[in-house]
Amino acid sequence: MSNTNVPALEVKHITKKFPGVIANDDVNLALNKGEILALLGENGAGKSTLMNIIYGLYKPTEGEIYVNGQKAEMHNPKDAIALGIGMVHQHFQLVPVMTVAENIMLGAESVKKNGLLDIKKVAQEITELSHRYHLDVNPYAKVEDLPVGVQQRVEIIKALYREAEILILDEPTAVLTPQEIEGLFEIMKRLQAQGKSIIFISHKLKEVLYISDRIVVLRNGKVVGETTPAEATQEKLAAMMVGREVILTVEKKPAQPGEVVLEVKDLKARSDLGESALRGVSFKVREGEILGVAGVQGNGQTELVEVITSLRKADGGQVLINGQDMTNASPRAITQKGQSSHVPEDRHAYGMVSTYPVADNLVLNTYNLPPFAKGVTINRPAIIQHAEELIEKFDVRTPSPLTRAGSLSGGNQQKMVVAREFSRPIKLLIAAQPTRGIDVGSIEFIHNQIVAKRDEGVAVLLVSSELDEIMSLSDRIAVMYKGEIIDIVPRAEATRENIGLLMAGVKRGEKI
Amino acid sequence: MSSPTRFKKTSLIALGIAIVLIIVGVIVNLLPIPDDSMWRVLFGVSTLNFTLRATIPLALGAMAGILCERTGIINIGIEGMMLAGAYAGFVAKVATNSWPLMPSLLFGVAAALLAGAAMGYIHALFSIKFKMDQIISGTFLILLAGGLTAYLFNPDMVAEGKFSPIAIPVLSKIPVIGDIFFNNPPITYTALILVAVLHVALFHTKWGLRSRAAGEHPRAADTVGINVNFYRYMNTTLGGMVAGLAGGFLVLEAVGQFQEGMTAGRGFISLAAMIFGNWMPFGALGAATLFGYTQGVQNALLLAGVVNIPRHFISMLPYVVTIIAVAGFVGRVRPPAAEGKVYETEGSSE
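Going down the list, the protein sequences come from chains A and B.
Numbering-wise (our numbering), the first sequence opens with residue 1 and increments by one.
Numbering-wise (our numbering), the second sequence opens with residue 513 and increments by one.
Heads up, some of the hints might be wrong.
[Said to hold, decoys possible] Where chain B lies over chain A, by a calculated footprint (3+ residues, C-beta under 8 Å):
{"id": "1", "segment": "66 to 78"}
{"id": "2", "segment": "93 to 100"}
{"id": "3", "segment": "107 to 117"}
Calculated from the structure, these hints are not laboratory results.
Ideal placement from N, C-alpha and C gives every residue a C-beta, glycine not left out.
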């Protein structure tokens, strides 16, 4: 009925100012019907702000939004929903204690004649939607019991239930496992086939090249370029995003391994659920080498790091650091006596105190030592000065050392954690998922820092679920499968294929 | 389908206590047990009647708490809201002493509701508009009500008459149960009905779904177009109203007069009942019954005079049980996730 050349969604001259920041600066963007448009940009480039404006959560300082060629007035999400816009937020907007059906109907409830909620009818509609789009989900399940990938499906159904024609997916792959990402891409293709228009937000270049029809790059709140996957390469996109050439492959010299720093012998531990998570893990990490631990998430990597750093009790076996038995020692003994540092996989839970200022976060494990402590009191000037130095050296983009750490972007939070952990004299570095959920520019920086530490003679244990990261940084690769190290492969012998097989539990020489 | 799972363990324990009490009561009163037996003292009809009377204000207070806290507003000011309701009900009753009894009492109830609603609205205003710490705001309400009613109260004023029991036909003839449940004054019935109504409303209506979403994950509610603060204002005001009714009960149904500080910590015990009952209406009613029963037993023991324990220890009973219940169970309950947090739409990064 409407002209097919009219874009499904168009934003014109959108500017959004927050106190002290211009988050969006005269942004123009058009989403064609039935298209998957990737919006690419570093953390803090203004992608989420723009989407929140389109979804009616924020009011633009200036600019206009058109839906199907009609000028739209968005005062709140209700208006956006009424215009057929649905959004899957980066942090899922689901109430954990409610069921899938309750979450989906929230705000668009089905009500029986007697005024009570018609859960049955909603559940039926959910089942229909899940058949149509192959989004398998149980309407009566409680959201908090569902894996992240399924929760995301619930979010997508939530938008479809409201008859969304335009879907905004804000960093949908950030929290997913590689398998779940593939599942999501299939869903996106299917939605596209059914005529939905999709805005896909990401900073992962490969994904963007794989799934999108068109790519728009945002930097510092401005649109800096538009391209298609056919024309673009990862290098080009990275350069557009960051504004300079980015080296995606890490340059490093051959390793010069020295003395053994970390030795793990027959380590056993249980998971939070009490199941056996480590079933006798043994390996050594030497000075000046990076041992990468690869594996599909949930094969004991998290527990391994937690046991080595004493955040979890070992049930058996030994952890030796510099020849000293540090099994189940206090975390402080491990950091100080063991001269080790730890970049935890969940920076919010273990790496930082979001409500503390950046400066305090930078001394979280040294605040009790001089010069930061003077007797029982804290030496503020020394802490601030220390913070200023590290902010400069590690390129942490923060308005000031006293800014609340939680208000920084993910990449800068991680750089802050890295700054703290890398700036002490250490012999052992344990880095778990050091670049999860952060932008290309920060990834490059952190990778180079890790290699620099290795070249200083630090023993590095790198745990990552990103195979690319393991392949580009490690000198040796240990693969974990079901709580065991299934094999340790020198980098020169490792290929994506043989590591991939090991990750699936197939040993070398074994027939599939 | 989904409602049986709503009763979490603690609320089941609380409810179980209430049910056991009723069953034992029925058995004891139907068996030929001598009047001076300890069983009669502990479970006699008069003890259970007193239990119900002590339970009602606690149950109403707990419902008030649930209304507020389910939308994310902590309400420790129930004590103050109750007291304000009690005083307003009393003044309205005294002012209309010349009216026929029923209209005058109903006028008192209306005044109690209104005073409670006003207190609730003030709490919402402080908590939402002025982003005040909700504990401080609640404390302020308690102090305000305590001070103001003491200052304004004129001991020469006398309210004439109070609500009398209404026997429900047929049902009141059931042995024991009829005597306990179906021969009560109107606010008692209202309170019991309110518990059921609130349960259905919270878990089976649009209003309840939205209210709970506002208390659990306001951002999620906002992103689907729900006005979080509207629900918070509405429910905190409604909660104040219910707390006001609890005050009205004390003056217009239980005592018949106002006394300085007559709520005597009931608002706080209501909070304990709400927590023990895991923010579930029936759970809270069960917990309120347990606390009410301790008061009933306290009363019965003092009247019977059969024990050699100093009366001060007996008087401690309700409070000790409250402490034990809350201390023992508070780790197992799960308050609404967004409780006590101000919700701002724009600029919140998460």
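*List in ascending order the numbers of the hints, as given earlier, that are violated by the structure.*
Violated hints: none at all, because every hint is consistent with the structure.
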